[in-house]
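Chain residues, written in single-letter form:
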Amino acid sequence: MAGPAKFDRWYRRTVVGIPYAWLIVFLLVPFLIVLRISLSQTELAQPPYSPVFDPSAGWQGIKDFVGALSLANFKLLFGDWLYLSSYLRSVTFAAVSTLILLAIGIPIAYGMARSPQRLQPILLIAVILPFWTAFLIRIYAWINILQRDGLLNDALLALGLISAPVTWLATDTAIFIGIVYSYLPFMVLPLYASFDRMDDTLLEAAADLGCPRWKAFWLVTLPLALPGVIAGSLLCFIPIAGEFVIPDLLGGSNAQFIGQTLWTEFAFNRDWPVASALAMVLLAILLVPIVFYQAVQMRALERR
Amino acid sequence: MNMQRRTSPFNIVSVVLGLVFLYVPIAILVIYSFNDSRMVAVWGGWSLRWYRALLEDSAILQAAWVSIRVAFMSACLATVLGTLAALALVRMGRFRGRLPFSAMVYAPMVMPEVIIGLALLLLFVAIDIERGIVTIALAHTTLTMGFVTVIVQSRLLTFDWSLEEAAMDLGCPPFRAFMTVTFPLILPAILAGFMLAFTLSLDDFVIASFTTAPGATTLPIRIYSEVRLGVKPEINAVSTLMLAFVAVVVVAASLLTKRYAAAEKGEARGAL
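So the protein lines, in turn, are chains A and B. The numbering used here applies: residue 1 is where the first sequence begins, and numbers increase by one. The numbering used here applies: residue 305 is where the second sequence begins, and numbers increase by one.
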């Protein structure tokens, strides 16, 4: 990689400054606004979002501003089982789904990495394609299959595995199917990248020394693929915890993911301060995995 | 290097089952979009009637047009911003504020969409712009520029900068050196970034529904409201068209970037 070139100041300022300014205006500032609104009273949370911060009023202005902030929304969140159970449900589903994805994703990614060299680019595109393909439509495809008179029940009845149609839609099982289906490419791609980089001579050495194949996989291959395991797990866990579409379309109405609760507060109750507080707490829960993921991502990009 | 790799039956079965799992639901959706029966679960023979019905469904057509305009605007912006960000990260060394910069570039790629959607909505309300196509496009730009950055960045990391430096040594100003030397060579990666930003925007439901207003209904928002009421054959048809479009774009984009992957592998082999 080339070192920094000798660019003139204006060129540097333009290249760095334009995307930087965009990210500050359209990412950082919005988050500060969310934080700000999560600390205000519901009845005051109409624009201009009182208390208004008025820098011209000097020290008194700052004191008034800080004095009018309130933690009431957060107290409300932590005092209400409805909200707590939403968080718990999201995080539990995200954790369990991530484990299922690992269990399914590892054999697929490993099989891809060990398939003939000329086949691999095709397999890679075959996995990338759904990764980019219409998320919403892929969930919708499962409604076709899982509904009461859908294909899954038809198939199971025809095979004689069940005697009456089973309710699949609006269950937790449907949510898990939807999540695993949607996020499988996110898990397989980083795993494949790790397996593909691996040096086969280590496995040969293990085989020469009489180690069975499954044991060599467990003792040699998997530890070496750990970066892929971590990247894939984070890439799945973080967005699943904030998932809205999958539980909303495939799940029942009795329990909600935090994304749905946030949406309800925002869209139906029009309670923006509570929605903002919900978003802030979700972000706080996910902050450690997000930072961790970014560190992994940056290292991966710089190593290449 | 990979000559000795043996593919075991277990490997083959895993890959085949994985691909079956990924593609069968999509295949069923596509097949049922050609189903003549109004009952979704009953097969009534092959027919194009739902595609014809789509042509008369003005709400869907209007939503598709809104989505295409949003996707085009946001993909153009995201391509310019994402490419600049990639150049900043690869070429500008350790500039001040590099760490928060790279954190902000990658954050929208993993951050739950409900959070980004809410944050951007509150921004648009605070600065009091009318919500609609423009606000969705701005929001999608923030969502997709990181993906462009990653694609362009991985191209730039293996780029031979001596040509651009030679041009600058000969007195060419940096912007012109970039445009005449580097830009044509990284253009395929930039185009791939554009295409992926376009399809991501076309596909997004959550952020669009936070940042939209009743007048600007995108295709995913329209589809979502129909899907919540149950399966409809027209939706199978419009989904199939979207899938076909996205598939063509993604394959084209990966062909654009594949050449480099091949070239990189060649270099690596030469070095060994």
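A few of these clues could be false.
[Claimed, not checked] For lysine to aspartate or glutamate, the following DMTMM-like pairs were computed, each having C-alpha atoms within a straight-line distance of at most 20 Å:
no.	chain 1	residue 1	chain 2	residue 2
1	B	K536	A	D154
2	B	K536	A	D172
3	B	K536	B	D340
4	A	K75	A	E204
5	A	K63	A	D80
[Stated by the list, open to error] Listing some non-contacts, in silico: residues in chain B with all C-beta distances to chain A over 12 Å:
no.	residue
6	D340
7	L352
8	W369
9	L489
10	T503
11	L547
It should be emphasised that the hints constitute simulated quantities derived from the structure, not laboratory data. Note that the structure is a prediction, hence the values are computed from the model and not measured. Glycine included, every Cβ here is placed at the ideal spot set by N, Cα and C.
Numbers of unmet hints, in rising order: 2, 4, 5, 10, 11
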